[in-house]
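Asker: In order, the protein sequence lines correspond to chains A and B.
Everything in the first sequence is counted per my numbering, starting at 1 for the first residue and increasing by one.
Everything in the second sequence is counted per my numbering, starting at 1 for the first residue and increasing by one.
The set of hints was computed from the structure by calculation and includes no laboratory data.
Every residue gets a Cβ at the ideal spot worked out from N, C-alpha and C, and that includes glycine.
Some hints here could point you the wrong way.
[What the hints assert, rightly or not] Far from chain A, some chain B residues (derived; all Cβ distances over 12 angstroms): (1) 3; (2) 6; (3) 114; (4) 166; (5) 177; (6) 184; (7) 199; (8) 252; (9) 256; (10) 258; (11) 281; (12) 304; (13) 307; (14) 446; (15) 448.
[Unchecked claim] Using C-beta positions, here's what the derived DEER-type ranges look like: (16) A:93 <-> B:379: 35 to 43 angstroms; (17) B:271 <-> A:93: 51 to 59 angstroms; (18) B:277 <-> A:94: 56 to 64 angstroms.
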Amino acid sequence: MRVLLIEDEERLAENIVGALRESGLAVDRAADGETGSYLAEQDVYDAIVLDLMLPGKTGQSVLRDLRRKRLHTPVLVLTAQEGKESTVELLNSGADDYVSKPFDLGELLARIKALIRRAKGVSTPVLKVSDVELNTVLQTVRRGRYSLNLSPTEYRILEYLIHRPSACVSKRELLEHLYDFDWDHHSNVIEAHVSNLRRKLNTEGSEPLIETLRHRGYRLCGERNVV
Amino acid sequence: MRSVSITSRLTLTVVVLEILSAIALVGAITVHERHLELKAFDATLRGSADSIMGAIQDGENDERDLVLETRGMQLPKDVVFRVEDERGRVFGSAGSLPPGMAEPITNASTFQNAQVSGRNYRFVVRHGVRILDPNEAGGRVRRTITIIYGAPVDRVWHEVFEAIRFFAIATAILIGITALLLVWLVRRCLSPLYQLALQAERITPKTWQFESPTSAMEIMELRPLVRALEAALARLQRSFEQQRRFTSDAAHELKTDVAIVKSSLQLLSMRKRTVEEYSRGLALGLDDFARLEMTVQKMLSLARLEQLNEIDDRENGRPTCSLPEAVEEAVHQSRSFADLKEVTIALQIRSTAKVPIDRHDAILLCSNVLLNALQHSPPGSSVHIEMNATEGKAKLTVRDEGEGIRNEDRPYVFEPFYRGDPSRSRKSGGTGLGLSICKSICERAGGFIEISNGAAAGALVTIVLPEER
Numbered sequence: 001m002r003v004l005l006i007e008d009e010e011r012l013a014e015n016i017v018g019a020l021r022e023s024g025l026a027v028d029r030a031a032d033g034e035t036g037s038y039l040a041e042q043d044v045y046d047a048i049v050l051d052l053m054l055p056g057k058t059g060q061s062v063l064r065d066l067r068r069k070r071l072h073t074p075v076l077v078l079t080a081q082e083g084k085e086s087t088v089e090l091l092n093s094g095a096d097d098y099v100s101k102p103f104d105l106g107e108l109l110a111r112i113k114a115l116i117r118r119a120k121g122v123s124t125p126v127l128k129v130s131d132v133e134l135n136t137v138l139q140t141v142r143r144g145r146y147s148l149n150l151s152p153t154e155y156r157i158l159e160y161l162i163h164r165p166s167a168c169v170s171k172r173e174l175l176e177h178l179y180d181f182d183w184d185h186h187s188n189v190i191e192a193h194v195s196n197l198r199r200k201l202n203t204e205g206s207e208p209l210i211e212t213l214r215h216r217g218y219r220l221c222g223e224r225n226v227v
Numbered sequence: 001m002r003s004v005s006i007t008s009r010l011t012l013t014v015v016v017l018e019i020l021s022a023i024a025l026v027g028a029i030t031v032h033e034r035h036l037e038l039k040a041f042d043a044t045l046r047g048s049a050d051s052i053m054g055a056i057q058d059g060e061n062d063e064r065d066l067v068l069e070t071r072g073m074q075l076p077k078d079v080v081f082r083v084e085d086e087r088g089r090v091f092g093s094a095g096s097l098p099p100g101m102a103e104p105i106t107n108a109s110t111f112q113n114a115q116v117s118g119r120n121y122r123f124v125v126r127h128g129v130r131i132l133d134p135n136e137a138g139g140r141v142r143r144t145i146t147i148i149y150g151a152p153v154d155r156v157w158h159e160v161f162e163a164i165r166f167f168a169i170a171t172a173i174l175i176g177i178t179a180l181l182l183v184w185l186v187r188r189c190l191s192p193l194y195q196l197a198l199q200a201e202r203i204t205p206k207t208w209q210f211e212s213p214t215s216a217m218e219i220m221e222l223r224p225l226v227r228a229l230e231a232a233l234a235r236l237q238r239s240f241e242q243q244r245r246f247t248s249d250a251a252h253e254l255k256t257d258v259a260i261v262k263s264s265l266q267l268l269s270m271r272k273r274t275v276e277e278y279s280r281g282l283a284l285g286l287d288d289f290a291r292l293e294m295t296v297q298k299m300l301s302l303a304r305l306e307q308l309n310e311i312d313d314r315e316n317g318r319p320t321c322s323l324p325e326a327v328e329e330a331v332h333q334s335r336s337f338a339d340l341k342e343v344t345i346a347l348q349i350r351s352t353a354k355v356p357i358d359r360h361d362a363i364l365l366c367s368n369v370l371l372n373a374l375q376h377s378p379p380g381s382s383v384h385i386e387m388n389a390t391e392g393k394a395k396l397t398v399r400d401e402g403e404g405i406r407n408e409d410r411p412y413v414f415e416p417f418y419r420g421d422p423s424r425s426r427k428s429g430g431t432g433l434g435l436s437i438c439k440s441i442c443e444r445a446g447g448f449i450e451i452s453n454g455a456a457a458g459a460l461v462t463i464v465l466p467e468e469r
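Hey, can you work out the whole structure from these sequences and the hints?
Answerer: Rendered as structure tokens:
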């Protein structure tokens, strides 16, 4: 999952980016409203964290322009302003959630994850496809009786695929949603990770879960059911 | 506190004046009425005396004398009279005359007052001449007749009192009606005042709308009050809004700084880390904390400067310090920052002026202005500081070679937390309070600070302070 953080306050942004990356998300950061608006409109993010007081372009107009372009990326607003009116105004103009400063970093992470989940049509943190169970809070994966030991990237690939069961997910899409600009991304990397993931998912007496569609991408077989 | 009602005071004053003039009027009327009544009484007396005179007839008897025939006359019961001639012969009388009734023989009638059996009487003395048998030759006899006729005077007084009573009752009724009318009228006249009070009562710190009632504006005496109220409210509202904005900006600033400190520590504690990671995290956290501390410190400085007033100065004595020393100290303090930014500081001091500012505040003023200039200086440029004193004024200018100041920002740069662009990045450093603090210090000392674009590129800050001799 890839998150865009639009925040001008250098140190605060560093901390949020650090926390999001440590919890397994790819993060891009924009330091002003215009860059933020441009990046958000690329439509490759699974969630956007938006500060309101931004140089160049205010958070409100970034949000407004995003919704005007019919982009439905979930947006969490960081606000230091008091008062119910601005909160109501924000939610009405298309924000999905808001956190007031000074916020709790853990809460911010949980809210971002919940937003991503809900945007993908899931309301609990535990995802299930056939006999595979993925816990997004603990970041653990089980298949049947076995607990699987996945690398962070493998986990993220599986999480993304589980969110889109039976759909064809291209390598490019995986790249876009799993890596931020800081990574040197190449489709070969994805292939290697998917191959590792497929091997680890192959437990005794189980069917292959990830199907490769030549020149098109990957598909996760089986129905998703939510626990 | 003694409360006084305008309505009752006005009404009371008018009613008292009315009563006083009524009393004066009653007095005048009494005198006048008495005079008139007495005149009428005298005329009646004379008339009665004349009719008695007319009732004297030639007698039919042998004595061929005069006879008083009163049978046809209707004389009041309590009258007293006596008719006699010069020989002392009495023709007729009623009641008893008081003794010593003088009888001067003149042609005019005379009036006298006397008491008859305890009552006040007024008498008329009338003389007349009668000629007996005027037709008979040689039989002409002249008789000089004196009539003394008196009637009780209390009737006059009775009439006077009646007239006064009528007048007094009418006046009392009129005064009563005017008093009621007056109360109503005064209340009505004062109603704009009540409306004004009602409007003023609606004002709270949240709702500042004050619509001066037109009824109050129409009254000339109330207009200055309404104007004063409006002006005072506008001033209050301005300062209230300034305070509110300051509070909200300060809250925003503090919250952001706290959010940084908090998130730094929370990020550090998200999982177990190596010793190196912890020590790096702690160092970063400390830096964040130092920034929070600086914000708080500047806010406190500003609050202190705004709270200090002249009374404190009088109590503690006016502080003074040498401006060149403060400038040098500020330059000394900023040296490392200037070196870091590769900016040279060019100092030109041409005076040893003393200014009425506490030494600590003077250094704060100079270093804030200097830091501001350094922050806006590109590497390799220089900041020029000049100080001189003329005509009792010390002048300090600080010029940088940066991007200068936008004209639209000029009126606001001294407002707390103003950062040009409404949300310019905090990266540029400072809390947005530095220049506000400078302005506070200058104004408290009776000087001023202004910012403009210098002849060359860059901003030029000019500080003018009164010189202490």
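Asker: A separate judgement is required for each hint: does it hold in the structure or not?
Answerer: We went through each hint and held it up to the structure:
| no. | hint | verdict |
| --- | --- | --- |
| 1 | 3 | 43 angstroms, holds |
| 2 | 6 | 46 angstroms, holds |
| 3 | 114 | 104 angstroms, holds |
| 4 | 166 | 77 angstroms, holds |
| 5 | 177 | 60 angstroms, holds |
| 6 | 184 | 49 angstroms, holds |
| 7 | 199 | 27 angstroms, holds |
| 8 | 252 | 5 angstroms, violated |
| 9 | 256 | 6 angstroms, violated |
| 10 | 258 | 4 angstroms, violated |
| 11 | 281 | 9 angstroms, violated |
| 12 | 304 | 25 angstroms, holds |
| 13 | 307 | 25 angstroms, holds |
| 14 | 446 | 36 angstroms, holds |
| 15 | 448 | 30 angstroms, holds |
| 16 | A:93 <-> B:379: 35 to 43 angstroms | 42 angstroms, holds |
| 17 | B:271 <-> A:93: 51 to 59 angstroms | 36 angstroms, violated |
| 18 | B:277 <-> A:94: 56 to 64 angstroms | 38 angstroms, violated |
Going down the numbered hints, you'll see the structure goes against 8, 9, 10, 11, 17 and 18, while the others check out.
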